[in-house]
Each structure stands twice: as structure tokens, then as C-alpha cells.
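> These are the residues of each chain, in order.
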Amino acid sequence: MIWYRRVLAVLLLVLGLPALSGCWSRHEIEELAIIMAVALDSAPGGQVRLTTFIVIPRAVGGGPSMGGGGGGEPKKAGEVVSAVGSDFAQATRRLEGQVPRRLFWAQNRVIIIGEDLARRGLNYLDLFLRDRQMRLTTPILITRGEARKVLDLPPGIELNPGTILTGILRNRTTFKVELKDLLAMWEAPGDNPALPEVVMTPTPEQESQETGGEGRDAKGGGNERGGKGKTQPEAVVIKGAGAFRYDRLAGWLDEKEANGLMWLRGEVKEGVVTVPLPGTTGTGQGQGMAGGLSPTPGEGGSPGQGQKPGAEKGGSRDLPRAQTALSAPAQASVVFHRVSAKTRARVQGQQVTFMVEIRGQGDLIEVTGNFNPDNLEQLLALQEAVNKAIEERALLALRKAQQELQADIFGFGEILHRSNPRYWHQVQDYWNEEFPRARVQVQVELQLRRTGMTSRTPGRVGAVGGKVSTQGTAR
Amino acid sequence: MIALIILAFLVIAYLDAPALWQKKEWRELAVMGIVWSLGLALSLGLAFHLPVPSPAKMLARFFGPVTLWLTRLIG
Amino acid sequence: MREEGYISPRQASVLLWFAILPTAILFLPALLTLRARQDSWLAVILATLAAGIPALVIYLLALRFPHYTLFQYCELILGHLAGKIVAMVFVLAFFLLNAVVIREFSEFLTTAVMPETPFLFFACSIVAVAVYAARNGLEVIARCTDFIMPLLVAFFVVILLFATPEMSLRNILPFLENGIRPVLGGSLITWPFMGQVIILATYGAFVNPPRSLGWSLITGLLGIAFFLGLVTMGVILVFGACEATSLTFAGYNLARVVSLGQFLERIEVLFLAIWVAGVFIKIALNLYVVALGLATVTGLKEYRPLVAPLGALNVALAAYMYRNISEIRQDLLTVEPGWTLTWQFILPLLLLLVAWVRGQRRTGA
Chain A
1 MIWYRRVLAV LLLVLGLPAL SGCWSRHEIE ELAIIMAVAL DSAPGGQVRL TTFIVIPRAV
61 GGGPSMGGGG GGEPKKAGEV VSAVGSDFAQ ATRRLEGQVP RRLFWAQNRV IIIGEDLARR
121 GLNYLDLFLR DRQMRLTTPI LITRGEARKV LDLPPGIELN PGTILTGILR NRTTFKVELK
181 DLLAMWEAPG DNPALPEVVM TPTPEQESQE TGGEGRDAKG GGNERGGKGK TQPEAVVIKG
241 AGAFRYDRLA GWLDEKEANG LMWLRGEVKE GVVTVPLPGT TGTGQGQGMA GGLSPTPGEG
301 GSPGQGQKPG AEKGGSRDLP RAQTALSAPA QASVVFHRVS AKTRARVQGQ QVTFMVEIRG
361 QGDLIEVTGN FNPDNLEQLL ALQEAVNKAI EERALLALRK AQQELQADIF GFGEILHRSN
421 PRYWHQVQDY WNEEFPRARV QVQVELQLRR TGMTSRTPGR VGAVGGKVST QGTAR
Chain B
1 MIALIILAFL VIAYLDAPAL WQKKEWRELA VMGIVWSLGL ALSLGLAFHL PVPSPAKMLA
61 RFFGPVTLWL TRLIG
Chain C
1 MREEGYISPR QASVLLWFAI LPTAILFLPA LLTLRARQDS WLAVILATLA AGIPALVIYL
61 LALRFPHYTL FQYCELILGH LAGKIVAMVF VLAFFLLNAV VIREFSEFLT TAVMPETPFL
121 FFACSIVAVA VYAARNGLEV IARCTDFIMP LLVAFFVVIL LFATPEMSLR NILPFLENGI
181 RPVLGGSLIT WPFMGQVIIL ATYGAFVNPP RSLGWSLITG LLGIAFFLGL VTMGVILVFG
241 ACEATSLTFA GYNLARVVSL GQFLERIEVL FLAIWVAGVF IKIALNLYVV ALGLATVTGL
301 KEYRPLVAPL GALNVALAAY MYRNISEIRQ DLLTVEPGWT LTWQFILPLL LLLVAWVRGQ
361 RRTGA
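Protein chains in written order, with UniProt numbering: chain A, 1 to 475; chain B, 1 to 75; chain C, 1 to 365.
Derived by calculation from the structure, the hints in this document are not laboratory data.
Mixed in with the good hints there might be a few duds.
[What the hints assert, rightly or not] With the Cβ distance kept under 7 Å, some of the chain A side facing chain C (calculated, not the full set):
hint	residue
1	Thr137
2	Ala184
3	Ala188
4	Pro421
The beta-carbon is built from N, C-alpha and C at its ideal position, and this holds for glycine as well.
So that you can see chain A by itself, here it is in the shape it has in the complex:
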């Protein structure tokens, strides 16, 4: 009896041996090529191009100071690798032929789609939904031209483009679309996807050579690496949006329209509105709302030039176009929060009307011009101007979507679906054709609540802007 118990014990041990070698799916971190950003493009001949930003562990471990040394620029934290294939699975396979380690996707921070691929359709994203390493929470961006150019972004505060872009997205300068949101917008019959657009901007010095009238103050830049004539783009801004019709890119929204889109989708939670100060007649009044409304505090500089914080301190596209103007138009900026947008749908006969109600609170944060918030009328006039500015944005986006794109990128169809399923069933199959006929009423009621730590604008009473009427008439 004893002997075969012994044999069995040995047998059991042998049976356990395979388990000692570890799991099948085990991968040591030293064997992985960690992908931080992915760019998807179309390639000639119906093919696709997959470009990935793969971390170089040595560069990350040492931090940016390692490569810095004596005035050199920060070392690149990763390598951009690219491959072409008939679909992304094939491209991935070919990519693996170029990388000495095993590709690891789970840390991927961002997916950027190029314009051409977006026009071909979103079906190409399937790999990024189906593969188990991919995460549905990965933000997704679109860009004009080739997406892989975005991955050439030089390191700055953050070392790799993936972290730079998600960092910017976290600032809420613009809306953020994750893969799962995109999937929801794409699959819902009463919605069409819209993706935030990432724009590569040239370096400040390049810009100052190229254009004078870009509306951007280029004075501050260039002291850091002045004289270095780089041709590659240096910075990114996330602004504007790419609008889809069903699963194909249909057109682009500029910054204002994208902002209106955010308001109508109810994506705005916080941000800044800048409007010309009502009641003033500055010389720059003619340009309307130069730079008008930017969705978040400190839009100038910080998002785009995030990796070069020292440069361009004064440069902000919110400033009027040139220093040479005689006197700047008086403007006021309001930061708002607790914004909520409520949309209701009403059907009368065959006419669908959407009523969007935007409510929120605002604090005055900056006034350039003569302003005294103790004057209630002036305050209310400013509030009115702010509301008008937001409404205008919304209507701009609406006009674009209804007349140009013929795509309901606001998800209004789903709102109709929810509130009036019976009518919805009549129109759901051709909702995008039906949508341009829909009426949309936008009502903005942002209330100015607080005016900050000072009341009237500083300066000698009655001196600024040459107007005295606003002083001393409190109530």
C-alpha cells in the first residue's frame, strides 16, 4: 500500500510541473512595447496605416532631465512606428515585425483618426473595440490630414503625445469622446458621431514669418529655442470638431461651431465666455467678438503650448488682433459653472421642434474697460450679452449641421425617440434627412452671480475709456 502512495505522490508532483513554468499569457514588462498613442490613417490602394507611439523605457525612467543636459531639447520618450496593411490587424502584425518587443495596447492613451480614414468610415475601428487589450474608455480624436503627424509631437511637460492629448482633454477645453461614447453615438439611430479635432500648430516663430493676420500675438514665443528653424509642427490645440454622418466624416466644425455643439449636446460644464462689454464703443467693436467664447479658463496658451509654459506668456488669441490698434475694445469675461442643458422635443403635425434650455451660473473674472458691477443695469446688460453670445454659437453649429452636413450631430433624434417614440418610429429610418426640417429654439439663461474680489475696474474714476457715465449711478 505504501509504495504506490509514494508513486502517486511523485506523479502528482509531476502533474504540477507545467504550472511551475508560469502562466501561458504571462508577459514580463521588459518584454513589452507599451503603446501610448495610436494614429489611424488611410493608405493608398484601399489600405490603412497604423502608427503607434511606443515608449522607450530608458527615456521615461530617467525623466526628461536625463536627455536635457546642456540646453539640448528633451529627449523623445518614445519611438513612432508605422505600418501599412489591408486592415489594422494586418498592420499590427507587420508592426510586430518592426518592434523587438511584444506590442502592449492596454496602456494606450489616445486614438487619433486621420481625415481620409474617417471619410472611409468608422468600421475600421473594430479592432479597437474587439481586442481584449483595448479599453472602451480610450479618448478618440480626429485630425485634418494625416493623423500620424500628431504623434511627432515633441515632448514637453508630458513626455508622450498620448499623455499630452489626454491631459488637454482633461482640462475640458473641448468635449471628450471616448470609444464607448463614439460607439453609442454611432449605433443610436437618432445620433451621429462628432469627434474633437486636434490641430497641429506651427511654432511661434514660424507663424510670425508666415502670417501677420492670424489673430495671434507671436511676440512672446521663441526665446527658448530661438533661431532654430524647425519645420515640424511643435504644438497641438484641440479645438473644432469633425462631424460624421452615420459612420462617415461629413465635414468640419470650426472652433465656434464646435463650441455650439458642446452647448447643444449638454457637454459644457464649465468654461469662459468673453464678450464685448455692452455700452462701450471701443474702436475694435467692428470685429464683433474677436476670439469671443472659449470654453475654458486660460484657453490662450495653456492647452496648445502646454509643453512650453514659459513661452508665449502674453500670447493669447483672445487678445485683439494687433498691438497697433489705438485702443482695445472693452471686453468682459465670465467664467461659468453648474451649467445644465435640457432639451425637449415637441411634435406638432409633421413639425418637430426642439427646445434647448441652457441654465447656469457665471462669475465675472475679467473686464478690460470701464465697468461697475454695482450698476445693476450694466450687469444685466452684460449677462444678456453673454447669453446672446452662447446662443449665437449654438445657432452657428445648428446651421452647419442642418444645412451643410444634414446630420443630427446633437443627438436630438434620441431625445425625440425618448419623448415621442410613436412619432420617432415614423422618421427613424431617415432621420438625418428629416432633421434639417426640425426647428430648434435655444434659450440661454446664464446668471451672473459673483463679480470677483474687486468691484469696479481699477484705474482713475472716469479715466478709462473716456466714459464717465457708468460711475456713481449705482441704483
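With chain A held as given, fit chains B and C onto it using these hints.
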């Protein structure tokens, strides 16, 4: 693979069979033997890629129509 | 044959959760939203109400035959031969069910976590552990739940709480878009999971006192409806009905999107750990019931020798029952409702009717 299967089934047999044999519980031993040999036969059949009918298929043949009928009835 | 130990009514109801929830939270939401769209949560509630009927049947049978298992009173009610045949049908049904569970478990792990690891490896490991637990008896399985259950509940709470920022309430509207029929169809799909409440008719015999089985059934069903409903609701709120239909493992995806700020991310590992523990209980319990049933039908004194061979046979069955995951999903949609309604709903009901007509009871035991 086949060696592993046989080894695994030997271990399973060893767990209880000797004790049952000693206690002369022939009924237990018989039932266990039937289940055991069924498992071994099935495993070896699969390892040799023999065609074994799937019970899921048999269920589907009969209860597929039942489910369809139920679905039409209430859903 | 008899089990030595007894379990408390609370343990019985928690075991019932584990008999249904682990695979249901993973596979059900995606299938359910296919049929019932945004009203899936309602389908879960309807299915629970429907499961109340077999629960009542189990309770009434347990009152008639206290301390007897389903397999035993089959024979008492229907007589020697017919009773044995019906009891054998139950044994086979539980056995097939367990094979499906093992298959679902391994299929999910190979798809979502470790694709290179052979599927048999997962199946064999979980069944080996389950065999060990089942051989130690019901009391041991019940005590396992005592420490896994708080984890399971905490995990539900964490996932659903932290997923709230991703939820949008309007996703559940419109209510009853296409009338009640899709919802009823959805509850038909929920049934194969819900109907497993019948398992309480077997181990319910070891609940002491027998009368408290009613309490176990009610709390068990309510708990299941609560958690399953919440997960289904969470999936709909986070992803929307359209997207939920395309996510094969919607419950797992729910755990994957959860993040709290920047520091608490990727908690799906937690999901996996607790989920595997839950499936372990489910498989161990099923294995125990199958072995107990087979031992009863064949008139053995002892079920323990049967557990290990049954486990091995189960793994082999699980390995070839379906060719791929699509067959499992297809089966869950188009075959299982009819099959499970037959053996989990109609069969016990018939048993009760016969017992009632014949006026049989064994209260003196």
C-alpha cells in the same frame, strides 16, 4: 495529451476506488466505475477527434422549436 | 441518501444567489438588451416574479416532504420506476447545466483575459477545486459563501457606485417603447438563469428548520433580482441599449469603464477575482447536487466517490458541447428558454400536482 488524460483519470480512480474496494461497497464502485469510464471514453474520444454527438444539438433539435413557439406566443 | 450537516436559512439563500448570479451578470445583459432594449431591467423583474411560481412549488413540496431532496420525493410521489426516471432527468439537467457553466467560465477567461492559455486549463483547474469543495459537503460550500458573499456585495456596490459618473439616466427612456411583448421576450431569455432557483429543491432539504425555506426562497430571489437588475440597469445607463447589445461581456465592460479620478482604474481585476470565486461556488454546488442526485437515484449510501468522476466527465462534456461562443449565445437565446422552462418550471409543477392529487406527504419523517 492522451497520457495526461489517462493519468488524470487514474488519479481520480485512486481517490476513492481503493477505499470502496476495501469496504466492499460494490454498488458505489459500480456507479462510480460507469461514470468514470464514460468520462475516460469521452475524453479519449475527443483526444482522438472521434465524432461524438453533442447533447446541446439534441436539446436544440427538440427545444429549439419549443422556444420559438414560446417566443412567438409571448414575446 | 442523507447529508450529515445542516445549513442555515441565510446560507441557503446566499447559495441561491451564487447558483444564479455569477454567469448571469456576465452573459445576460448583452442577450437581454437584444430583445428587451432599454426595458431589460423590467424583464429581469418579470422573470423574478415568474420564478416565484417554482419557488412556491418548491416551498409547498418541502412542506409536504420535509428533509427530503427533490430526487427523493420524485420517487415518493411518482413511484419507483417513474420516480427514478424523472429524478434522472433532473440529474442530467443539472449536469448539462454545469457543463454550460464550466464552458462559459473558460470561454470568458480565454476571450477576455488570457487568450494564449488553453481553455481546458481553466476548466480543469476550476473543476478540480470545485470537486474538492463538493466532496467536503454542502456545509463547506455554504461556509465558503460566508466570506465570498461580502466580497461579492462589496464588488457590486463599488462597481455600480463608481460607474455612476458614466451613467446617463435618459438611457432607460423611452419606457415600453414597443409595448410589453419585447419585455416578455426578454424575461423568457432571463428564465434560463432565473429558473435555477429549482436547485433549492435539492439542497433545501438540509435547511434547518424546513419551514424557513420560504424565507430563504424569498430573500434569495429578491437578492438576485436586486443585483441582476442593478447590473442590467447599470449596463443600460452606462452604455445605452444600442451599445450594450454589442458588448458580449457587458458586466465585465462595466467594470472596465469604472475609474475614480486618476488613481483608481482598471478594477476589472477585482471583478475577475471575485467573479471566479463566485463561479467556483456555482460549479461546486452544481457538482454536489449532481453527485447527490445520482447517488440517490442509484441508491448509494455515499455520494462522495461520484464527485471526481462526474467532474471529469463534466469537463469533457463542456469541452465539446459547443464549438464556439456564438453557439453558446445562440443556445441561450433559442434553446435554453424552452428546455429550462420544461425542467425547472413544468416538471416541479407536475410533481406538486401529482402529490396533491394523491395526497402524499411525509411529515412524520
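> So, for every hint listed, does it hold in this structure?
Against the structure, the hints come out as follows:
A hinted interface residue such as threonine 137 of chain A counts as satisfied when its beta carbon comes closer than 7 Å to some beta carbon of chain C; here the least separation is about 5 Å, so the hint holds. Taken as an interface hint, alanine 184 of chain A checks out: its beta carbon lies about 5 Å from the nearest beta carbon of chain C, inside 7 Å. This hint holds: alanine 188 of chain A has a C-beta 5 Å from the nearest C-beta of chain C, less than the 7 Å allowed. With 7 Å as the threshold, the beta carbon of proline 421 of chain A comes within range of chain C, its nearest partner Cβ sitting at about 4 Å, so the hint holds.
In this structure, none of the earlier numbered hints is contradicted; all agree with it.
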